[in-house]
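Enquirer: Residue numbers (the numbering used here), protein chains in the order written: chain A, 1 to 114; chain B, 1001 to 1112.
Honestly, the hints are just simulated from the structure, not real lab data.
All values reported here derive from a predicted model rather than from experimental measurement.
Among the hints, erroneous ones may be present.
[Said to hold, decoys possible] When the alpha-carbon atoms are kept at most 25 Å apart in a straight line, the in silico BS3-like pairs for lysine-lysine are as follows:
(1) B:LYS1104 to B:LYS1068
(2) B:LYS1099 to A:LYS78
(3) B:LYS1077 to B:LYS1060
(4) A:LYS68 to B:LYS1099
(5) B:LYS1104 to B:LYS1052
(6) A:LYS24 to A:LYS68
(7) A:LYS24 to B:LYS1068
(8) B:LYS1056 to B:LYS1068
(9) B:LYS1077 to B:LYS1056
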Amino acid sequence: DAGVIQSPRHEVTEMGQEVTLRCKPISGHNSLFWYRQTMMRGLELLIYFNNNVPIDDSGMPEDRFSAKMPNASFSTLKIQPSEPRDSAVYFCASTLRRSQETQYFGPGTRLLVL
Amino acid sequence: GNSVTQMEGPVTLSEEAFLTINCTYTATGYPSLFWYVQYPGEGLQLLLKATKADDKGSNKGFEATYRKETTSFHLEKGSVQVSDSAVYFCALSGNRDDKIIFGKGTRLHILP
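With the hints as constraints, model all of the structure from the sequences given.
Expert: Encoded structure:
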């Protein structure tokens, strides 16, 4: 079975540009999570969806960040405009049936904003 | 609210040494407890889990026991290998929460 798929794997962009990160969860999973990982702040939950509906976006840093899940097999995380402090590894994870279930992580997108 | 505290790293050991990474938690109710591992350049993956008090999770020679009386879930391995070098995350999920609360991670270096 295919795991969680993220694209692109690496992204280098200039400050002020729009960045879109993509995620395809494991088929049949109905919860999806976006995380950001940096050396300074560790692993942070940005937002999560249940049955395509955003449930908690309290971790989204600011209005420059937005996330959508138009259907059960696709989600995007968008940063507009991007800033150097957004440089991080962004992970998508999915799980079946919410709490106490194992989360399956994608390989991550390594973002560098110059 | 729910939280997880794990020992800070990095932890450096020689191959075949005994490993303990401490983890304690604060939670209401009866959370599930997890250890995730992140190898260089990869996403996190589940190492083991325990869903109720006194359960022992085990995988790849690693073990952790859910201790409700001490609110702990320490990770142990009797003889580490160079290939165990990674970052280890302790985590919990409440029985009503949708999300998993992760600790800050402990970086483990195993020297040959």
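Enquirer: All hints are to be evaluated individually against the structure, with a verdict given for each.
Expert: Quick rundown of the hints versus the structure:
no.: 1; hint: B:LYS1104 to B:LYS1068; verdict: holds, 21 Å
no.: 2; hint: B:LYS1099 to A:LYS78; verdict: holds, 21 Å
no.: 3; hint: B:LYS1077 to B:LYS1060; verdict: holds, 9 Å
no.: 4; hint: A:LYS68 to B:LYS1099; verdict: holds, 18 Å
no.: 5; hint: B:LYS1104 to B:LYS1052; verdict: holds, 23 Å
no.: 6; hint: A:LYS24 to A:LYS68; verdict: holds, 12 Å
no.: 7; hint: A:LYS24 to B:LYS1068; verdict: violated, 37 Å
no.: 8; hint: B:LYS1056 to B:LYS1068; verdict: holds, 12 Å
no.: 9; hint: B:LYS1077 to B:LYS1056; verdict: holds, 13 Å
Going down the numbered hints, you'll see the structure goes against just number 7.
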